[in-house]
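S.K.: Listed below are the residues making up each chain.
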Amino acid sequence: MDQTPAPPADPVPARRTPRLRRNPLRGRLWVLWVAVLGVIALWAVAGNLLAPMDPYAQLPAVRLLPPLARTEAGLHLLGTDALGRDLFSQIVVASRLTLLIGTCATLIGLAVGAVVGICAGYFGGWIDRVAMRLTEAQTAMPMFLFAILLMAVAGPSVANLIALLPTFIWPTVARVIRAETLRLRTEPFVVGAIALGANRRQVVFNHLLPNLTPRLAVLFVIDVGQIVLAEAGLSFLGAGVQEPDLTWGVLIAEGRPYLAVAWWLTVMPGLALAAAVLSVSMLSREMERRSQT
Amino acid sequence: MTRTTHQPTDQEPAGLDNRAARPAGRRPAPTRKRQDRPDPVLRVRDLVVRHSASTGAELTAVDGIDLEVRAGETLGLVGESGCGKSSLANAVLRLIPTAGGSICFDGTELVGRSPAQMRDIRRDLQVVFQDPRSSLDPRMRLGAIVTEALRLHGLNNRRERRRIALQRLAEVGIDPALAHRRPAQLSGGQQQRVALARALVTQPRLVVLDEPVSALDVSVQAQVINLLQDMQRTYGTAYLFIAHNLAVVRHLSHRVAVMYLGKIVEQAPAHNLFRRPVHPYTKALIASVLPPRPDARARLEAVRRLAPGEVPSLAAVPSGCRYHTRCPFADTTCKAVEPTLVRIEGDHAGGHRVACHHWERVQAAAPQVQAR
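From first to last, the protein sequence lines stand for chains A and B.
Counting from 1068, one number per residue, gives the positions in the first sequence under the working numbering.
Counting from -13, one number per residue, gives the positions in the second sequence under the working numbering.
Just chain A, with the same shape it has in the complex (with noise of 0.2 Å):
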């Protein structure tokens, strides 16, 4: 067009230029995720040690208050609950039955589905159709009635709860395992390990399984989340983990009433729940980018 050749403008024009420098967080913010994971870790294993107060010890003169209030007992980093206990302390303890239910179940649950899918996949005919069918029996049963039912008849426990929480997330594992196993079974270095002389366990073991693993990591992840919010939702309608055992689920529940008044009540173990799960999704997700190159 017509324009006449600009005047240099400023040594470093805003916006023109794509921007060159890489954000310095970039590639780096694993650590945050393992140090949430760490600490998380930390207070599990020794909660009771690292709970600056009693979580149990009743104040009825400072219940609700808010986070960083000061009593004669102390920083109150979170606040009080409606009995006047400190929050944080309660969070800290918390964790460990929380994590404890959450990898079990999980890591159970994604054993089942892990062995019904590969068979499915892998074998396939009537296996798969008994294994399908009993995937869509479980989806169509209304889960939640039916646990609350059976932590009715079988006593609310904390291993009773490990034994029933898998039930929520198998079906899945399953489906999504049985189609990767689908996948993977006309792959040409599976087929190429039976023209090898591969039988069947050494094809699930050293060529499926580890094929699997990526997308077991993924389902993990995101299971452990529906896992603890399927306990605390158990919890939260008593057919799960009793007072005086605390899990972040317990925790979330206990507040709900005073949603109004003091919502850190259930604000705050909300933050512990996503910043652990977060954590746990963001790490994996880093994990599998590092397996890839």
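Don't take each hint at face value.
Unchecked claim - Calculated Cβ distances over 12 Å to all of chain A for the following chain B residues:
#1 Pro304
#2 Pro314
#3 Ala350
Stated by the list, open to error - Computed Cβ-Cβ distance ranges for the label pairs, DEER-style:
#4 B:Val204 with A:Leu1276: 35 to 45 Å
#5 B:Asn212 with A:Asn1266: 31 to 41 Å
#6 A:Phe1190 with B:Ala85: 15 to 25 Å
#7 A:Val1101 with B:Ser200: 39 to 49 Å
#8 B:Pro124 with A:Ala1230: 35 to 45 Å
#9 A:Leu1249 with B:Ser200: 19 to 29 Å
#10 A:Val1101 with B:Ala170: 21 to 31 Å
No lab work stands behind these hints, which were simulated from the structure alone.
From a predicted model like this one, the values you see are computed outputs, not experimental measurements.
Every residue gets a Cβ at the ideal spot worked out from N, C-alpha and C, and that includes glycine.
Dock chain B against chain A, hints included.
M.R.: Just chain B now, kept in the frame of chain A:
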């Protein structure tokens, strides 16, 4: 395991299990003359392979094929895509079921063997697939990939396997320092060389090469082909070499079989087939793929005359001679009667055979398309 043609040798340590000892050292190169080995490594008789589509329709991908591969020999198998080459390969490897016929490998009938019974045989019958990228397990390291067959068959201990892996990698031109890498870190040509090293690690009698260079760059193809030849010289392995690239087949094969719609239409020693192709389809194939020369126009014309139109679908195979729909020499006989593969010269196995009613007329009339 009974190996009828296995030579009693002094080279192998006495008192040791041959099977365990063999992969560590090299098999002595086949020293006997061909005549002393009447039994081919692979003898396929009247093989039929059917695929059933989800619609219920059936395709006969391989329709009564006879083949022989002799020890230490390369049999090239050529044909257009979809003519059943790979089905034949997979059937020979017993990776897909056969609908009829027999596959005799090293004196053992493979048809009717259970997968468990096949496992022992697979030590001597290996395969290299077309796409090296997907035929190597992405999560395994190269060293483990190369020695997988040894591990599967419980041969050698871990340390020996590691040594063999490094040695074999070096042999196929991969720096042994890369043994801990994963396949994705290699180029396609390197991957295919690893695949070849893996196939040869048990020193098999026969390797089925299913288009082993088709997925590679032309510059890399030559390396892999030369490597295939070197390995054959070293180990005396027989190859069933499947390809659609005639130039490659010609370079590597001792004998060549041409496949069209599930049938073999011509089979001859490589030099014969390329110098004096007889079947109209073979002539067309050869005219179409050889490098351009001053008579390119004439060649193109020849292809147009010899193979006009498209390959019919395997789902609707023409009656009589399968080639009659495209053949300029076809007459009513061709439409009605399926020609058999007849020997037109040479001895029983090594001779030139063709399946054409009018091969004499074709030979006299068709322009001389031949390779240099």
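S.K.: Please go over all the hints and tell whether each is borne out by the structure.
M.R.: Hint by hint, here is what the structure shows:
The non-interface label for B:Pro304 is consistent with chain A: the shortest C-beta to C-beta separation is roughly 31 Å, beyond 12 Å. For B:Pro314, the condition that its CB be more than 12 Å from all CB atoms of chain A holds, with the nearest at approximately 39 Å. Annotated as non-interface, B:Ala350 keeps its C-beta farther than 12 Å from every C-beta of chain A; the closest such distance is 45 Å. A hinted range of 35 to 45 Å for the beta carbons of B:Val204 and A:Leu1276 is consistent with their spacing of about 38 Å.
Taking the beta carbon of each, B:Asn212 and A:Asn1266 are about 35 Å apart, inside 31 to 41 Å as hinted. Between A:Phe1190 and B:Ala85, the C-beta spacing of about 23 Å keeps the proposed range 15 to 25 Å intact. Taking 39 to 49 Å as the suggested C-beta distance range, the pair A:Val1101 and B:Ser200 conforms, at roughly 46 Å. Separated by about 36 Å at the C-beta atoms, B:Pro124 and A:Ala1230 satisfy the suggested range of 35 to 45 Å.
The given range of 19 to 29 Å is respected by A:Leu1249 and B:Ser200, whose C-beta atoms sit roughly 26 Å from each other. Checked against the hint of 21 to 31 Å, the pair A:Val1101 and B:Ala170 passes, with Cβ atoms roughly 26 Å apart.
In terms of the numbered hints stated before, the structure departs from none.
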